[in-house]
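S.K.: Please put together the full structure from these sequences, using the hints given.
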Amino acid sequence: MSKKLLLLIIITIPVLNSVFAASPSKGEQLAWTCFSCHGVDGVSQGPATPVIAGISENYIIGAMLSYKYADDLDKASDILDKHEELEDVRVQQRFSAMMNRIAKAYSLEEIRELAYFFSQKEFIMPDQVYDKAAAKKGKKLHKKYCEKCHEDWGTTTDDDVGLLAGQWKQYLTFTLNDFANGDREMIKKMKKKMKKMLKKHGDEALDNLTHFYASKSD
Amino acid sequence: MNQKKLSRRQFIQACGISAVVGVSAWSNVFATNKAKVVIIGGGAAGTIAAKYLQQLNPALDISLVEKNNNYHAAFMSNQLLSATWAPEKFNFSYENLKSTDIKFLNEEVTGLDSSAKTVKTASGKNIPFDKLIVAVGAEADLSGLDGLTPELIKAHAWTDASDVSALFDKVKTLKSGGDVLLSIPKGEINGSMAVYGRVSQIARYLSVNNKKAKIQVLDPKAKNKTHKLFAQAWQEMYPGMIDIQNNIITTKIENSNSIVGNGNKLSADLMNIIPPQKASNLAKLLGLSDDSGWCPVYAESFESRKIKDVHVIGDAIKGFSEFRKNAQMANSQAKIVAIIVDSLLRESKLPSILPPLIDSEYSIIGNQYAVSSTKLFRLENKTWKLQTDEISALDAAEKQRQREYVYAESWFNNITNEMFS
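If you read the protein sequences in the order shown, they are chains A and B.
Residues 1 to 218 in this note's numbering are what the first sequence spells out, letter by letter.
Residues 1 to 421 in this note's numbering are what the second sequence spells out, letter by letter.
Calculated from the structure, these hints are not laboratory results.
Glycine residues also receive a C-beta, built at the ideal position from the N, C-alpha and C atoms.
Possibly wrong hints are sitting among the right ones.
Said to hold, decoys possible - Here are a few chain B residues that face chain A, going by a calculated C-beta distance under 8 Å:
hint : residue
1    : Asn57
2    : Asn331
3    : Ile353
4    : Ile358
M.R.: This is how it looks when you write it as structure tokens:
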């Protein structure tokens with residue numbers, strides 16, 4: 001090996017090492033701010049703040065914009081119309097206890113960085129206490145009313161649906177109730193299914209579903 | 001490879017390569033691989049600064065110096081006054097931290113040599129640093145209130161969670177129909193909204209166990225939106241039990257049952273005098289605090305205005321605009337200072353972009369009932385500018401209060417997990 005080549009290798013190896021040793025990106029640094037409530041890497045320790053690791057990018061962008069523009073959702077739609085690459089992002093009326101205060105402070109660019117970061121993390125399902133009989137009923141309900149969109153027992157985010165299996169039960173209870181009372185908007189097909197389910201099985205159906213998802217869709 | 005054998009030409013070529021790859025990466029190789037960062041204080045700020053600095057540059061030599069072997073969280077510890085959270089929930093061990101590459105030194109810091117850049121410890125060690133991060137918190141200001149003694153500071157249980165249980169014993173033994181007086185100090189304290197959380201938890205206990213008891217709150221502040229929110233909540237949860245008087249400044253503790261406020265003598269069966277606060281004595285000893293009692297820092301770097309290469313974060317700092325002192329703020333500042341110190345060591349300059357600071361406080365009022373206040377700050381033109389400032393709405397729906405109640409516990413679980421997992 002020539003001296004020159006050796007020199008090149010010796011100099012570039014440590015330099016490249018330090019470049020590629022994946023120092024946290026600015027997007028990741030921004031995401032750190034979320035960890036004290038949503039858990040390290042978005043894996044919440046519960047009992048209520050949802051796990052946001054592994055949620056789809058479009059879902060997170062949609063949720064954040066829905067909170068940010070809670071008072072004027074048309075504005076959020078106008079912004080989305082200007083970004084072709086965000087055509088699958090959906091904004092909706094969402095009941096919010098905390099996030100409406102926080103989302104306001106982030107730009108669209110930052111929201112996209114956060115969404116990318118959390119979407120790349122692994123959704124780690126917590127072990128939760130659940131009622132086996134209720135979970136069994138919930139499984140049947142899921143299959144009949146939810147599985148068509150929340151495929152594989154609510155374990156995938158395909159088509160940017162929310163992750164259900166293994167989510168914190170307390171959070172699912174809040175969210176399902178918001179949907180059922182009209183405090184959170186549903187898309188047409190979900191609205192139809194929800195109505196049908198509640199008519200046939202009553203409010204208990206929501207509770208059974210939360211037990212099923214808390215079982216990690218076992 | 002023997003560096004002496006490099007010809008001038010080879011050296012120039014090497015420089016060319018490094019220029020292509022990037023000067024910052026190049027300087028990293030020499031400047032930071034063995035750079036030493038010492039962090040004093042293993043609380044909400046110090047643990048987080050250590051962990052995130054290590055993520056930013058695993059090659060750093062990071063030492064966390066903490067005098068205690070265990071941590072007692074003071075935040076949310078008012079829950080001990082209603083016996084709704086178990087005391088064990090507030091106790092944490094440094095065992096997990098010790099198993100990382102962060103050096104955990106169970107030592108008491110006794111001094112700082114700013115020219116030699118070393119920290120002295122009680123056991124006689126001199127720990128060298130390139131950058132020092134001081135996260136030593138706040139404590140009661142013994143000289144801030146006439147009649148205050150170290151024993152009274154302990155009895156009134158504000159800064160140290162391990163004192164709260166003893167105060168709870170006094171609440172439990174309050175005579176039937178007795179009165180409690182809680183006085184809030186003038187000036188900044190750690191956990192600003194937590195004083196009202198404390199009143200709420202005492203009321204929560206008394207409303208079940210001593211229904212005719214009364215609580216009087218003396219507050220130096222003029223009536224504001226926080227007072228209105230709590231007054232409404234108390235009216236809903238504990239009607240007629242709590243009376244809050246604004247614009248009252250406590251100037252003297254006469255004895256265990258009486259104080260002087262606005263020149264008048266006030267008595268109660270049980271007193272809880274929250275003492276005025278300042279940066280902890282250690283901050284003063286290290287030469288970091290000023291006449292205000294707090295440590296002045298530059299906004300853009302959290303570097304001390306008094307000693308170079310020393311950064312101060314958490315409750316001990318002299319805050320900007322409307323900063324409050326709380327665990328969330330300490331956590332947020334720690335992440336930002338980690339980014340700053342890493343950038344200074346790597347590139348000898350401040351980072352171009354910083355995340356926002358989040359200042360948030362939850363207060364549990366009763367079962368399934370909590371409120372909170374959240375502020376966000378952004379660094380703009382070398383100051384932290386308040387970007388949003390929101391508090392739970394008056395007349396909010398029951399489910400809003402209920403969610404904040406469970407989110408308060410979730411926040412506690414996540415922030416402590418982040419510190420100690």
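S.K.: Evaluate each hint against the coordinates.
M.R.: Each hint tested on the structure:
1. Asn57: Since chain A brings a Cβ to about 7 Å from asparagine 57 of chain B, closer than 8 Å, the hint holds.
2. Asn331: holds (5 Å)
3. Ile353: holds (6 Å)
4. Ile358: holds (6 Å)
Hint compliance for this structure: no hint is broken.
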